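Peer 1: Now for the letters of each chain:
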Amino acid sequence: MSFPWAEHYTPKNPLMKWVDEKLPLPRLVYNAVGAGYPVPRNLNFFWNFGVLAGLALTIQLVTGIILAMHYAANAGIAFDSVEHIMRDVNAGWLLRYAHANGASIFFIVVYIHIFRGLYFGSYKAPREMVWLLGVVIFLLMMATAFMGYVLPWGQMSFWGAQVITGLFAAIPVVGEPIQTWLLGGFAPGNAALNRFFSLHYLLPFVIAGVIILHIWALHIPGSSNPTGVEVKGPQDTVPFHPYYTAKDGFGAGVFMIVFALLVFFGPNMLGHPDNYIAANPMSTPAHIVPEWYFWPFYAILRAFTMDLTIPFTGIVLVPAKLLGVLAMFASILLLFFLPWIDTSPVRSGKYRPLFRKFFILLIVDVLILGYCGGAPAEEPYVMISQLAAAYYFAHFLIILPLIASFERPDPLPGSITEAVLAKSGLTVDEAKPVAAAAE
Amino acid sequence: MVRILGALVGIFFAGMMLLSFLWGAIAYVGSPPAATAEHEFHEHPTKVAWTFDGPFGYYDKAQLQRGFQVYTEVCSACHSLHQVAFRSLAALGYNEAEIKAIAKARQVPSVDPNTGEPATRPGMPADHFPAVYPNDVAAAAANNNAIPPDLSLMAKARHDGANYIHSLLTGFRNQPAELLKKFPDSRTPEGLHYNPYFANLNLAMAPPLTAEGQVTYGEGQPKPTVDQMSQDVAAFLMWTAEPNMEARKATGRAVIIFLLFATVLAYLSYRNIWAGKAH
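Going down the list, the sequences are from chains H and S. Here our numbering is used: position 427 in the first sequence is 427, and no number is missing along the way. Here our numbering is used: position 224 in the second sequence is 224, and no number is missing along the way.
Careful: at least some of the hints might be erroneous.
Rough simulated footprint, nothing fancy, chain S against chain H, three-plus residues with beta-carbon under 8 angstroms [unchecked claim]: (1) 85-97; (2) 276-290; (3) 305-312; (4) 362-370; (5) 383-391.
To be clear about the criterion: a stretch of chain S counts as covered by chain H if any three or more of its residues have a C-beta under 8 angstroms from a C-beta of chain H, and this derived list gives those stretches [to be verified]: (6) 24-32; (7) 117-126; (8) 154-163; (9) 174-181; (10) 249-255.
By construction, these hints were calculated from the structure, which means they are not laboratory data. This structure is a prediction, so every number in the text was calculated from the model and none was measured. Beta carbons are placed, not taken as given, at the ideal position from N, Cα and C, and that holds for glycine.
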């Protein structure tokens with residue numbers, strides 16, 4: 001599962017030799033993220049975000065496990081137990097703010113990671129499985145984050161649980177029984193809170209498991225790179241360690257600075273004030289909104305305001321609410337089909353002039369959707385999100401296959417090394433003595 | 001096959017969206033949504049320069065003590081503070097004896113040691129501020145059906161909390177004639193009070209701070225104007241909502257300095273390792 005020129009693990013210390021014979025775990029690590037994994041030499045800083053996502057998950061696991069030691073998953077005291085953590089537990093405020101903002105920064109990192117994959121065509125053959133597992137991780141993250149947001153049992157927790165489980169109630173005939181079954185009651189209550197806590201503790205470990213598969217699947221073809229040209233020889237790669245461990249170390253430092261600024265100087269900036277009001281089934285908040293990282297999808301959900309009817313008969317085929325739910329799920333599930341929808345043989349957006357224009361449009365579009373999803377459900381936000389949602393679906397399902405057929409890509413570099421050396425104005429032949437002198 | 005099915009799904013959803021948009025746009029142009037009084041007359045809180053703003057923010061203990069005094073003498077008649085323990089008042093600069101006295105002045109629920117009947121006893125530093133009403137029904141009955149909210153977290157439970165509290169407390173006024181002219185149906189109902197900073201403009205709470213000197217501040221303190229008292233109690237409620245803010249910001253400053261240093265080192269080692277390797 002690696003290139004033939006990959007370095008081999010040769011333990012020198014007798015203890016490590018002994019371990020390697022009994023359980024070759026150090027060898028596994030060496031081949032996964034050590035010198036035994038050759039990586040294209042031209043990765044840019046967008047390739048840091050995979051490791052950063054792993055760091056974010058680790059932060060969430062550590063802070064979450066400690067928070068669970070102090071939190072009480074009981075509808076009667078959950079809200080006060082969170083305040084107990086904030087006031088009476090040693091460094092409890094730090095743990096909770098780190099966990100709450102950790103979720104946000106995890107999503108920021110993962111969104112950049114996903115858009116990097118979209119731009120550089122990382123989802124294309126031979127890395128389809130890496131992409132598919134990535135979408136699975138994204139779905140699991142969304143479920144985990146949603147259930148975590150319910151646990152403080154504030155107003156947005158309660159009404160968020162009501163709205164999101166209510167999505168299932170839109171399914172014809174069996175919808176309402178499904179919602180009741182999911183909640184363990186007719187409204188969010190102690191049963192719902194307990195099962196959400198249980199699953200919120202379970203799912204991160206499932207995510208960790210799928211991440212292992214994600215990395216395993218990645219190591220079979222090896223990492224992609226900004227040119228999208230596959231590795232052709234040893235000169236195209238560097239060993240992961242020390243080259244990319246050093247680069248990721250720097251990336252992790254910048255990540256931690258951004259994270260610390262959020263946690264220490266704006267811990268409630270990304271949250272909603274209503275969640276500092278204890279859950280009250282008798283009082284509905286004026287605007288129920290999920291956490292910011294769900295806003296684009298929430299905008300798609302709310303954009304459907306029209307039932308699908310047979311014209312001039314008034315017979316409703318699909319009610320608007322169900323359409324919204326279907327569209328919201330479709331907006332994520334379509335990512336599973338992306339490797340087969342975009343058939344352009346060129347991976348990197350760098351060499352796809354037409355694709356690049358539409359890609360920028362997609363980023364703007366998702367930002368607009370996000371803004372509208374966080375705004376109240378009134379005009380003009382609904383109309384704007386309708387246009388933006390139309391583009392979202394058109395981009396992935398109509399425009400991408402069309403671009404693949406019509407676009408004339410720019411010429412690709414012959415190899416990664418050629419692309420790298422062209423940046424310093426050299427050709428492969430000229431560079432040989434220079435590179436030799438430098439190394 | 002995937003692409004044909006995908007395109008059909010795409011045309012369906014995008015088409016439905018465009019149709020909904022057209023429909024909505026026609027409806028919008030045909031009959032634009034009526035303006036509401038809340039939309040036009042609601043005001044955002046005015047900014048106050050707080051000592052706790054910014055990365056070097058701190059609580060002014062004298063101000064918190066004044067705010068606590070306002071809370072005790074005015075707000076606590078209706079509003080509870082149940083997340084706050086008396087012992088934590090040490091952060092306001094009170095000593096142990098003073099905290100004991102503050103706690104003792106309040107009755108907390110207890111059980112009569114002889115009969116087992118519900119009873120009350122004087123508070124102790126470990127107790128939290130007791131509830132004002134025995135339950136929500138009693139609270140609603142005593143307040144024209146509106147339950148006075150607990151104030152422990154109020155400064156974080158509203159957008160721009162401290163500014164909001166200050167603006168709300170100083171924002172009571174007569175309903176503008178212009179509002180009544182434009183929205184004759186939006187007259188403030190009997191028993192409610194007009195306040196442009198409140199989300200729906202009409203608030204059950206009567207203006208709590210009405211006159212200068214309503215609370216008598218100690219020697220050397222600023223004049224207890226309505227504005228001053230409102231600022232003080234807003235600062236106090238910021239503290240009740242975020243009692244660890246000073247520790248948080250101090251830790252944050254140290255963490256940022258450490259991380260900047262570590263990141264510079266990480267950058268140098270990255271540059272060092274990659275030196276001579278074109279990439």
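Peer 1: Each hint: holds or not?
Peer 2: Tested hints:
By the rule of at least three residues with a Cβ nearer than 8 angstroms to a Cβ of chain S, the coverage given for the stretch 85-97 of chain H holds, with 5 such residues. Given a C-beta distance limit of less than 8 angstroms, the hint that chain S covers the stretch 276-290 of chain H holds, as 3 residues qualify and 3 suffice. With 3 residues bearing a CB less than 8 angstroms from a CB of chain S, the stretch 305-312 of chain H meets the requirement of three and the coverage assertion stands. Coverage of a stretch by a chain is defined here by at least three residues with a beta carbon nearer than 8 angstroms to that chain's beta carbons; for the stretch 362-370 of chain H and chain S the count is 0, and the condition is violated.
Counting residues of the stretch 383-391 of chain H whose beta carbon lies closer than 8 angstroms to any beta carbon of chain S gives 6, which meets the minimum of three for the stated coverage. Under a criterion of three residues with beta carbons nearer than 8 angstroms to beta carbons of chain H, the stated coverage of the stretch 24-32 of chain S is upheld, 3 such residues being counted. With 0 residues carrying a beta carbon less than 8 angstroms from a beta carbon of chain H, the stretch 117-126 of chain S misses the three-residue requirement, and the given coverage is violated. Three residues within the 8 angstroms Cβ limit are the bar, and the stretch 154-163 of chain S against chain H gives 5, so the coverage statement holds.
Given a C-beta distance limit of less than 8 angstroms, the hint that chain H covers the stretch 174-181 of chain S is violated, as 0 residues qualify and 3 are needed. Beta-carbon proximity to chain H at under 8 angstroms applies to 5 residues in the stretch 249-255 of chain S; the threshold of 3 is reached and the given coverage holds.
The earlier numbered hints that this structure contradicts are 4, 7, 9.
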